[in-house]
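S.K.: Sequence:
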Amino acid sequence: MFYKDSRQIYRVTELDSLPWLVHGFGTRLARVPALYGNVATLRQVHSAACVLAAGRGGGLGEGDALLENTPGSVVAVKTADCLPILLVDERHRAVAAVHAGWRGTVAGIAQRAVEAMRGQFGALPGDLHAAIGPGIGKCCYEVGPEVAAQFGQQGRAHVDLAAANRRQLMDAGVMPERIYASNLCTMCRAEEFHSFRRDQEAAGRLYSFAGILQAVH
Numbered sequence: 103m104f105y106k107d108s109r110q111i112y113r114v115t116e117l118d119s120l121p122w123l124v125h126g127f128g129t130r131l132a133r134v135p136a137l138y139g140n141v142a143t144l145r146q147v148h149s150a151a152c153v154l155a156a157g158r159g160g161g162l163g164e165g166d167a168l169l170e171n172t173p174g175s176v177v178a179v180k181t182a183d184c185l186p187i188l189l190v191d192e193r194h195r196a197v198a199a200v201h202a203g204w205r206g207t208v209a210g211i212a213q214r215a216v217e218a219m220r221g222q223f224g225a226l227p228g229d230l231h232a233a234i235g236p237g238i239g240k241c242c243y244e245v246g247p248e249v250a251a252q253f254g255q256q257g258r259a260h261v262d263l264a265a266a267n268r269r270q271l272m273d274a275g276v277m278p279e280r281i282y283a284s285n286l287c288t289m290c291r292a293e294e295f296h297s298f299r300r301d302q303e304a305a306g307r308l309y310s311f312a313g314i315l316q317a318v319h
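End of the sequence shown sits at 319 in my numbering; the numbers just go up one at a time, nothing left out.
Bear in mind the hints are in silico, worked out from the structure with no lab data behind them.
A quick note: this is a predicted structure, and the numbers were derived from the prediction, not measured.
It is possible that part of the hints are untrue.
Label pairs and their in silico Cβ distance ranges [to be verified]: (1) Glu-279 / Ala-304: 35 to 45 Å; (2) Arg-205 / Ala-156: 23 to 33 Å; (3) His-194 / Asp-118: 13 to 23 Å; (4) Glu-164 / Gly-275: 18 to 28 Å; (5) Ala-292 / Ser-108: 16 to 26 Å; (6) Ala-292 / Arg-109: 17 to 27 Å; (7) Glu-303 / His-194: 14 to 24 Å; (8) Gln-302 / Arg-193: 13 to 23 Å; (9) Ala-136 / Gly-163: 30 to 40 Å.
Each residue gets a CB set at the ideal place from its N, CA and C atoms; glycine is no exception.
Let the hints inform the model, and build the full structure from the sequences given.
M.R.: Printed below as a string of structure tokens:
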């Protein structure tokens, strides 16, 4: 279940039980970089490319998923309608932050990130938690025929990016009961979220992050 904390960051109740994990989905009022210092990010290019952070901070090149298992490190993606997805491996204490717009979704970024976590950390899909954060909802995401066709729909249509990524995660082996969706639409909720479709070039970006604490008691 998603809830908003005093820092204006949405968190997931089920993930709060992991004492080594920091995680959250920032609103427009949150100050994520100020809270966590040298957060690792990518120049997001709407791809299915996954990058290993390996304890590095700052900008780490191009890609749309960042993987990390280094204590004291935090990875993040920046969104303004695209979906942020956090993957958490409780067995190996590893995380991934994923950016999934329609192009990345069609390219299978969520499934590729699960596969990359298996390759890098030995993560088993059944051990993973996946949290799908705020993004543009089906209510507001009307697309033209060319984009709709990528999702098996005809003509102008409303696309449900969260549902498409949930299916990818399940196809990759993530258990349905370990997939948590915020059901928060960035375009509907102007007081909380940036939205590129609503605000165009004036839109800011929302930080969604996951990391491993330096010391776990």
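S.K.: Please go over all the hints and tell whether each is borne out by the structure.
M.R.: Hint-by-hint comparison with the structure:
For Glu-279 and Ala-304, the Cβ-Cβ distance of about 39 Å falls inside the hinted range of 35 to 45 Å, so the restraint holds. A hinted range of 23 to 33 Å holds for the C-beta pair Arg-205 and Ala-156, which are about 26 Å apart. Restraint check, His-194 to Asp-118: a C-beta distance of roughly 19 Å satisfies the suggested window 13 to 23 Å. Taking the beta carbon of each, Glu-164 and Gly-275 are about 27 Å apart, inside 18 to 28 Å as hinted.
Between Ala-292 and Ser-108 the beta carbons are some 21 Å apart, a value that agrees with the proposed interval 16 to 26 Å. For Ala-292 and Arg-109, the hinted distance range of 17 to 27 Å is satisfied, since their beta carbons lie about 20 Å from each other. The given range of 14 to 24 Å is broken by Glu-303 and His-194, whose C-beta atoms sit roughly 40 Å from each other. Distance hint check for Gln-302 and Arg-193: the Cβ-Cβ separation is about 43 Å, which falls outside the suggested range of 13 to 23 Å.
At roughly 24 Å, the beta carbons of Ala-136 and Gly-163 sit outside the given window of 30 to 40 Å.
Of the numbered hints listed earlier, those contradicted by the structure are 7, 8, 9.
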